[in-house]
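Heads up: the sequence shown runs through residues -30 to -1, 1 to 327, numbered per mature numbering (1 follows the signal peptide of the UniProt record, and there is no 0).
Because the hints were derived from the structure by calculation, they are not lab data. All C-beta atoms in this analysis are idealised placements derived from N, C-alpha and C, irrespective of residue type, glycine included. Heads up, some of the hints might be wrong.
Computed Cβ-Cβ distance ranges for the label pairs, DEER-style [as the list claims (entries may be wrong)]: (1) Arg201 - Gly129: 21 to 27 angstroms; (2) Ser295 - Gln215: 24 to 30 angstroms; (3) Thr58 - Val287: 25 to 31 angstroms; (4) Ser119 - Gly47: 42 to 48 angstroms; (5) Val293 - Asn242: 40 to 46 angstroms; (6) Pro290 - Ser131: 38 to 44 angstroms; (7) Glu125 - Asp167: 22 to 28 angstroms; (8) Asp327 - Thr270: 23 to 29 angstroms; (9) Ser176 - Ser300: 34 to 40 angstroms.
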Amino acid sequence: MTALTTASRRRLRGPIALGASAVAATLLLAGCVAGEGEAAQADEPADGATAEGWSADTLTVDFATYNPLSLVIKDQGWLEETLGDDVTVEWVQSAGSNKANEALRAGAVDVGSTAGSAALLARSNGSPIRTIDIYGQPEWAALVVPEGSDITGVEDLAGRSVAATKGTDPYFFLLQALDEAGVDPADVEVQNLQHADGKAALENGSVDAWSGLDPLMAASEAEAGSTLVYRNVDFNTYGFLNATQEFLDASPDLAQVVVDAYEKARAWAQENPDEVVAILAEVAGIDPAVAETVITERTTLDIDPVPGQAQRDVLEVVGPIFVESGDVASQDLVDTALDELFEPTYAENADPTTIAD
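Work out the full structure: start from the sequences and follow the hints.
Here is the structure:
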């Protein structure tokens, strides 16, 4: 068994021994859901755990094609191996940040992955979620037009129809792009379609443009000849791993396991990019070459996983757009949400060596 620090032992929960194969905490890649575990001391159980073991017998986490680290964790079975037979791990697929937020609000998942903008929107509108890890900095949104389109820039979207999934990064990407180009959003017909439906609408001519999301966006480029007419990585608001406050209060031990697993996945993904590409291609049902574009060209995992000022700086730009678009009632609600959204302690204490292979 890998030697553990005293701090690591205090965080561990569960009855099984850890695997000897461990990843150094200093490795750089970021973000996925997973598990951890070690026998709790019967006479002095750690915070959130009982003398019998873990604080709960079920852990429900999401996976999403826009969150490659979640795919790695699910594929490798680390949560299941770490938590053993005492905790049932349930996986729920999120089709978009809006769906992840719906699941978090409904209590259908304990931990869900969204774009930063979507997390702030949810918190501003009263969803009691906290961001416990930053899983990546993807360039996952851009404005897409079909092959042969006469649209060459954002300014050409005036009077046109654009598909976008409200409550997600591509939607707020669209609003930021329109603002930058001086186009009144009222002059654009926004069709609120889920990401896959937006792709289909673009390709069958039902809309003039689509504010797209990878890997669907990369697949449309490769398979339908679609073009990214406007890109701006600064309008993409990081990948946020969020948990409900109720879950954090009841099961801080399991929350730490999830973050520890994400940090193991970050390192593993950096060391095994070809395998990450293969996993994404299989889950998303896309060509490996498309998956490679997403992972190697549009996904940055080598970031600080602790939610903090870098993410706040981005969200402070997006927040007023919520109010202007009517998605949030007031700037005060946005400001309060910004002050309350981040819970950095789990990422600060992350130890991927606690996760079993």
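Checked hints:
no., hint, in the structure
1, Arg201 - Gly129: 21 to 27 angstroms, "holds, 22 angstroms"
2, Ser295 - Gln215: 24 to 30 angstroms, "holds, 26 angstroms"
3, Thr58 - Val287: 25 to 31 angstroms, "violated, 41 angstroms"
4, Ser119 - Gly47: 42 to 48 angstroms, "holds, 44 angstroms"
5, Val293 - Asn242: 40 to 46 angstroms, "holds, 43 angstroms"
6, Pro290 - Ser131: 38 to 44 angstroms, "violated, 25 angstroms"
7, Glu125 - Asp167: 22 to 28 angstroms, "holds, 26 angstroms"
8, Asp327 - Thr270: 23 to 29 angstroms, "holds, 26 angstroms"
9, Ser176 - Ser300: 34 to 40 angstroms, "holds, 35 angstroms"
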